[in-house]
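Peer 1: These are the residues of each chain, in order.
Number of protein chains: 4
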Amino acid sequence: MGIRVAVVGASGYAGGELLRLIAGHPHLELAVATGFAQAGATIGSVHPHVRSFRDVVLAKTEAAAVGDADLVFLALPHGESAAIAAQLPETMKVVDLGADFRLRDPAAWSKYYPGAHAGTWTYGLPELPGQRDRIASATRVASTGCYAVTVVLALAPLIAAGVADPDDVVVVAASGTSGAGRSAKQHLLASEVMGSLSPYKVGAHQHVPEIKQASGARTLSMTPVLAPMPRGILATVTAKPLADADPRAVLQEAYSGEPFVQVLPEGQWPHTASTFGSNAAHLQATTDVDSGRIVVVSAIDNLGKGAAAQAVQNANLMLGLPETAGLAVDGIAP
Amino acid sequence: MGIRVAVVGASGYAGGELLRLIAGHPHLELAVATGFAQAGATIGSVHPHVRSFRDVVLAKTEAAAVGDADLVFLALPHGESAAIAAQLPETMKVVDLGADFRLRDPAAWSKYYPGAHAGTWTYGLPELPGQRDRIASATRVASTGCYAVTVVLALAPLIAAGVADPDDVVVVAASGTSGAGRSAKQHLLASEVMGSLSPYKVGAHQHVPEIKQASGARTLSMTPVLAPMPRGILATVTAKPLADADPRAVLQEAYSGEPFVQVLPEGQWPHTASTFGSNAAHLQATTDVDSGRIVVVSAIDNLGKGAAAQAVQNANLMLGLPETAGLAVDGIAP
Amino acid sequence: MGIRVAVVGASGYAGGELLRLIAGHPHLELAVATGFAQAGATIGSVHPHVRSFRDVVLAKTEAAAVGDADLVFLALPHGESAAIAAQLPETMKVVDLGADFRLRDPAAWSKYYPGAHAGTWTYGLPELPGQRDRIASATRVASTGCYAVTVVLALAPLIAAGVADPDDVVVVAASGTSGAGRSAKQHLLASEVMGSLSPYKVGAHQHVPEIKQASGARTLSMTPVLAPMPRGILATVTAKPLADADPRAVLQEAYSGEPFVQVLPEGQWPHTASTFGSNAAHLQATTDVDSGRIVVVSAIDNLGKGAAAQAVQNANLMLGLPETAGLAVDGIAP
Amino acid sequence: MGIRVAVVGASGYAGGELLRLIAGHPHLELAVATGFAQAGATIGSVHPHVRSFRDVVLAKTEAAAVGDADLVFLALPHGESAAIAAQLPETMKVVDLGADFRLRDPAAWSKYYPGAHAGTWTYGLPELPGQRDRIASATRVASTGCYAVTVVLALAPLIAAGVADPDDVVVVAASGTSGAGRSAKQHLLASEVMGSLSPYKVGAHQHVPEIKQASGARTLSMTPVLAPMPRGILATVTAKPLADADPRAVLQEAYSGEPFVQVLPEGQWPHTASTFGSNAAHLQATTDVDSGRIVVVSAIDNLGKGAAAQAVQNANLMLGLPETAGLAVDGIAP
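Residue numbers (full-length UniProt numbering), protein chains in the order written: chain Z, 1 to 334; chain H, 1 to 334; chain R, 1 to 334; chain S, 1 to 334.
Any given hint could turn out to be false.
Put simply, identical chains are the same to the list, so a pair is met inside one copy or across any two.
[Unchecked claim] With a straight-line cut-off of 30 Å between C-alpha atoms, the simulated DSBU-like cross-links for lysine-lysine are:
(1) Lys-60 to Lys-240
(2) Lys-185 to Lys-201
(3) Lys-111 to Lys-201
(4) Lys-111 to Lys-240
(5) Lys-185 to Lys-60
(6) Lys-240 to Lys-201
(7) Lys-240 to Lys-185
Honestly, the hints are just simulated from the structure, not real lab data.
Take the sequences, apply the hints, and build the full model.
Peer 2: The structure is reproduced here in structure tokens:
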């Protein structure tokens, strides 16, 4: 019999991806899935692609619904995890996909989010030095934000190695639309998005403090762009060099043993499509001939390494399972 | 140690999908992958998403390359399988993804294809009555065409039950671009395809005889349309009713035990996205209020149930493995 | 000084396209544009692409707003035109883009629409025999539906010529998302639409009676499909032949003098992209080799010939202007 | 009778857009259009959307073909304009859409392009200070590159005003696929592009010297990204501030009288779709709260202000026509 997991907030895109991953996971079993407006509906009607659970009915989103699950995934809108989490037994393992518990600095929280800072959980990015062990022994883990993981993987080893200047980092990152959620909003309609690129929250994006905290960057200009595709994030991360080092070699060394983070062969640049449906992150780096800046490009699936698959990776660690169980390293293309 | 399989013609889209499925298959192991123009290149450079085999080098496409593999997948352009197949030991199991060995009638072959008719292998659609056993005991299987499987699944049970008139079937089926292959052609450029729908081979499509042979249709108007998406086929199949029966009920009964073919709940219509990356086929049917015609809509992933995943399903049967091994019933959406 | 026109219901997609066409029209001048929820907003904020009217503020949608405009375009949701129209002076020229006044048969209206049948106005498809003159002398014109114009142009001449059987017409037509309007609905989100084809209203579409009325078809199976593109309709129209005639020649003769309806050279099939942004309709026809059915494919821009440009064509006729004034025959591609 | 213009290299995407614009231009008339591989084909077969010239046959690309045209547009692959231009009468007005004559510095040319530097023509960006008059009196004009115009419009006024530091400019710019041309290449196939973002020429893009020359930037990191849409460029341009000034106000003053370059109202950010099919450039600027960097986002249609429409704007000036003749300020959306 499998380990029983609950998905709280299963009606959104990250929730749907969690359900799909749990259905294909060799060790996990779905205890319960909950929804808010969709409580009472079958998973087959809410997520027509998840046929494995087609007759499972969504319970109402509340702490009691999770029962005695071994682990709970919280896939709620930002700001709504804390209330539920507070009602769960302290010994119950929880992976939060929201932003509530990622930041250490309450001031950083207040600058970008409404409401009080809920607290700080173990940060769920196993590829950071020492973090894998911390996650494995934690009961509460705050999984990374989708933009954050894309940028942090590209940047953290270069700053740690003293190769990239943490004081002048410039990031432009484009995301597919699933990153903006499943609520019906006019600017997310297919008619508005297809054939168009549109920046948003320019000059003040709420992922900046998380990126700085996890990467070591001290000042960061981050411009997010909505791209006409359902999934995928491509981040272009540039920084001034502090030392005469090959940025690609630094990344390659940092991730040499990692199953999911891959530095591509020289000259091969990441495409978001290559990571579709997987937990993979693809990286490449070079030095710009005109400016001398380090340029790193990083690609992930925002619902994969950027949300649900990342959360399962953390859960695997917390549950003592093989870290790669139920997760794909190969993307689905074309 | 796994069962060793060869992929002959691994550089195209169906070949890439075969590689991905083999990498995730619990019982199969890649013996060799071959290419023509790409021989000598790594799989990592040809299919950047298939990181599991990133350092495997493509051998040259020729019969000798397959060595003593337990099973060979031929994923070659139409008309090129026969020459290779003729050189393989008769006892070697082969699944052909091309059209060469699908048709029983040489005249039908000659009407749509150049070159001589190569012969007839066991037709690789396990969901047809009696076909599962024939495939399990065959050494040579001709896997279905992508349009054919979409239409045949929708139509065959209705004709077999005497519910749909085989003499006036009208099909319009739209396919994503991967169905047109990976050769660089101007009309397949992203600039030409995005934002556009375009019919092709109107009035005379080469899949018509295969559909008729496998579905029992006697006359068939089939119009294919190229759609602005990478994967997926949606077929709208209409026929005159011969009896006062609920077409949905007929399909539901026909596929009640099938793991991959699913008749959706009443009122829920198939979306191609729900089958993305899987071996699933989704069906729905109704009777048109104005004309009284039966209307069935069928959706698959053309590289999944329409090509590579279907071929793996056939291979599973031929090898005595669980039919669903290594194959997803859940699509990946959004 | 130009002819002064009002756009009632300017905040939707058809309204935005009307504004764009009016801005570029050599004889028309915008008197007023109205909105419902958006009343008070500038056109620049509602339609960022229509920079010509960027500082014009939307008035509230009500009859009084149109003042003494020479002509009024009603671009309201289906069922909302009648109430406004009843309050406008009888001599005021009105072009309705909605469905309210298209049908002659109240029973057909009641079968597909809620509310009472509002009445019947001159049908706004100038390319139908005799219709151009009727429109030119009308004060009230009901412009065509987007699916209807696509199908009727393909079908009417063949039925009129006794070449196509009106009793067994099968249509599958796919539309871009702008045809579904600008209201924020989950199934129209970019995440849901991109990469997917999805049928809807299968078996009972409300455009069927309009198509039958205008084309002469007696029974019609019409399946609409939502396609992952912002604009464009591609209709595949098939019918049994009644006579041994070349369907393409019939269409070519019917439209030989038409500026906007074009039968393509033999072998060249319509692409929706070729009509983007224009008032053009592209047609091609053949006879299916297997079934003998006539197959006509028709492509338009659903906001062009399917809505706003068609309405301007009607307005040009009603106002005694050159029929082609302010309208493009060339699409914008790629 | 109109002014007679020739389009040399009419079979590509920029050539097709030129033809469309000429067809709708009130003062220009097409003298001849030429092609290389497509010589002898009709425009209707090469550009199905340009129905106005459907029966015009492409002449062979050679200097003699232009005859006594009043103005010649060269829309040839980079490096091929010089040979043709050298054979045209010195008094013949020529607008080159290629890169051959844009750069003043031969060393910059040699760093990024093969072959010898052909020379320097008047740079065709009328919105630069003083440039409008130079273009009006020139017989030879080198129209801007598509990335260059997007970035230069965003950057030049800020550097000229001493507000942006020219020594640390970082640009990430994403382009639709038509910018990569119409040659059949595998990486430009719809299957490869849809659903994916992919960077290219990272660290060394050939537009860098043109951008530096025209904007005043001294060091520039420019990363181009291919986006899944047919048209449009969105550039995110960041620079360190040199003075405490509002970057938006600087841009607004610089472009206050310009018909095509528009600084959007505060808080409204450019979308590429809003410029589709037009000669418009949309700009917005802010100061990043975390880093203090100036962030300007700029959007154009790469075939509009980035190529063909820009070339027509230059031609209008050279021919003494109204600068806006035949050009749209309104984009086509959705």
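Peer 1: Are the hints correct? Go through all of them and say.
Peer 2: A quick look at each hint next to the structure:
no., hint, result
1, Lys-60 to Lys-240, "neither (50 Å within a copy, 45 Å between copies)"
2, Lys-185 to Lys-201, "both (16 Å within a copy, 23 Å between copies)"
3, Lys-111 to Lys-201, "within (14 Å within a copy, 37 Å between copies)"
4, Lys-111 to Lys-240, "both (27 Å within a copy, 23 Å between copies)"
5, Lys-185 to Lys-60, "both (24 Å within a copy, 23 Å between copies)"
6, Lys-240 to Lys-201, "both (25 Å within a copy, 19 Å between copies)"
7, Lys-240 to Lys-185, "neither (39 Å within a copy, 35 Å between copies)"
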